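> Here is what each chain is made of, one letter per residue.
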Amino acid sequence: EAQVTQNPRYLITVTGKKLTVTCSQNMNHEYMSWYRQDPGLGLRQIYYSMNVEVTDKGDVPEGYKVSRKEKRNFPLILESPSPNQTSLYFCASSRGLGNEQFFGPGTRLTVL
Amino acid sequence: DAKTTQPPSMDCAEGRAANLPCNHSTISGNEYVYWYRQIHSQGPQYIIHGLKNNETNEMASLIITEDRKSSTLILPHATLRDTAVYYCIVRVTDDKIIFGKGTRLHILP
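Residue numbers (this note's numbering), protein chains in the order written: chain A, -16 to 95; chain V, 760 to 868.
Read the hints as simulated data drawn from the structure, not as lab findings. Nothing here was measured: the structure is a model prediction, and the numbers come from that model. Every residue, glycine too, gets a C-beta built ideally from N, C-alpha and C. Warning: the hint list may mix true and false statements.
With a Cα cut of at most 30 Å, we get these calculated DSSO-like pairs of lysine-lysine [said to hold, decoys possible]:
id, chain 1, residue 1, chain 2, residue 2
1, A, K54, V, K828
2, A, K1, A, K48
3, A, K52, A, K40
4, A, K54, V, K855
5, A, K40, V, K762
6, V, K762, V, K855
7, A, K40, V, K855
8, V, K762, V, K811
9, V, K762, V, K828
10, V, K855, A, K52
11, V, K811, V, K860
12, A, K0, A, K40
13, A, K1, A, K52
14, V, K855, A, K48
15, A, K1, A, K54
16, V, K828, A, K48
17, A, K54, A, K40
18, V, K855, A, K1
19, A, K1, A, K40
20, V, K828, A, K40
21, V, K860, A, K48
22, A, K0, A, K48
23, V, K762, V, K860
Okay, the calculated bits of chain A under chain V, using three or more residues with CB under 8 Å as the criterion [claimed, not checked]:
id, region
24, -2 to 7
25, 69 to 75
26, 78 to 88
With the hints as extra help, turn the sequences into a complete structure.
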């Protein structure tokens, strides 16, 4: 089954404790992206990747890192999480920038 | 900034057609119009996209005006399961994809 998976689905952590949210897709997609969703603000793009080893900042990249060492994986790294990074996070992938995006189920992160 | 304007919310009676408008007056000639929806807090789901011509698939129809400054997503026979936030996206700046705040569609029994 074609899908985008994210882990963990739920996470409660404390300020400053490094964490990684994994994202994996099995569709051989080139374009991958991370979004955060907050009440009243809609979906905002954090980082995106056009292909392996090619990543770039979205609209709200501060406090996040990503890597794209393999085509299928695009982890989101929070080196020192802060409470303002409490949010619902979505990973997405598509064949290319203009193609249909497939979204993962979301990761609900709480930073205390 | 998102280059689309959508009403924040709409109601539609179950079984009727739901018509969701989107204004995109600054759309460029080569920019497509995409529609996604998000049910509760699930990941957004692609619905349809188009450039100039009207499009139809198993989920919906997309009507784009001749000047391409606005479009309408039509759900022909709305059901309760169509209750969701619907996003119209036209801006792809550089390599980014920008969502707006969408329209919250309530299907009324």
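> Work down the list of hints and note, for each, if the structure agrees.
Now for the hints, and whether the structure bears them out:
no.: 1; hint: K54/A - K828/V; in the structure: 37 Å, violated
no.: 2; hint: K1/A - K48/A; in the structure: 11 Å, holds
no.: 3; hint: K52/A - K40/A; in the structure: 17 Å, holds
no.: 4; hint: K54/A - K855/V; in the structure: 19 Å, holds
no.: 5; hint: K40/A - K762/V; in the structure: 19 Å, holds
no.: 6; hint: K762/V - K855/V; in the structure: 13 Å, holds
no.: 7; hint: K40/A - K855/V; in the structure: 9 Å, holds
no.: 8; hint: K762/V - K811/V; in the structure: 17 Å, holds
no.: 9; hint: K762/V - K828/V; in the structure: 11 Å, holds
no.: 10; hint: K855/V - K52/A; in the structure: 20 Å, holds
no.: 11; hint: K811/V - K860/V; in the structure: 24 Å, holds
no.: 12; hint: K0/A - K40/A; in the structure: 23 Å, holds
no.: 13; hint: K1/A - K52/A; in the structure: 20 Å, holds
no.: 14; hint: K855/V - K48/A; in the structure: 17 Å, holds
no.: 15; hint: K1/A - K54/A; in the structure: 24 Å, holds
no.: 16; hint: K828/V - K48/A; in the structure: 37 Å, violated
no.: 17; hint: K54/A - K40/A; in the structure: 18 Å, holds
no.: 18; hint: K855/V - K1/A; in the structure: 27 Å, holds
no.: 19; hint: K1/A - K40/A; in the structure: 20 Å, holds
no.: 20; hint: K828/V - K40/A; in the structure: 29 Å, holds
no.: 21; hint: K860/V - K48/A; in the structure: 25 Å, holds
no.: 22; hint: K0/A - K48/A; in the structure: 14 Å, holds
no.: 23; hint: K762/V - K860/V; in the structure: 11 Å, holds
no.: 24; hint: -2 to 7; in the structure: violated (count 0)
no.: 25; hint: 69 to 75; in the structure: holds (count 3)
no.: 26; hint: 78 to 88; in the structure: holds (count 8)
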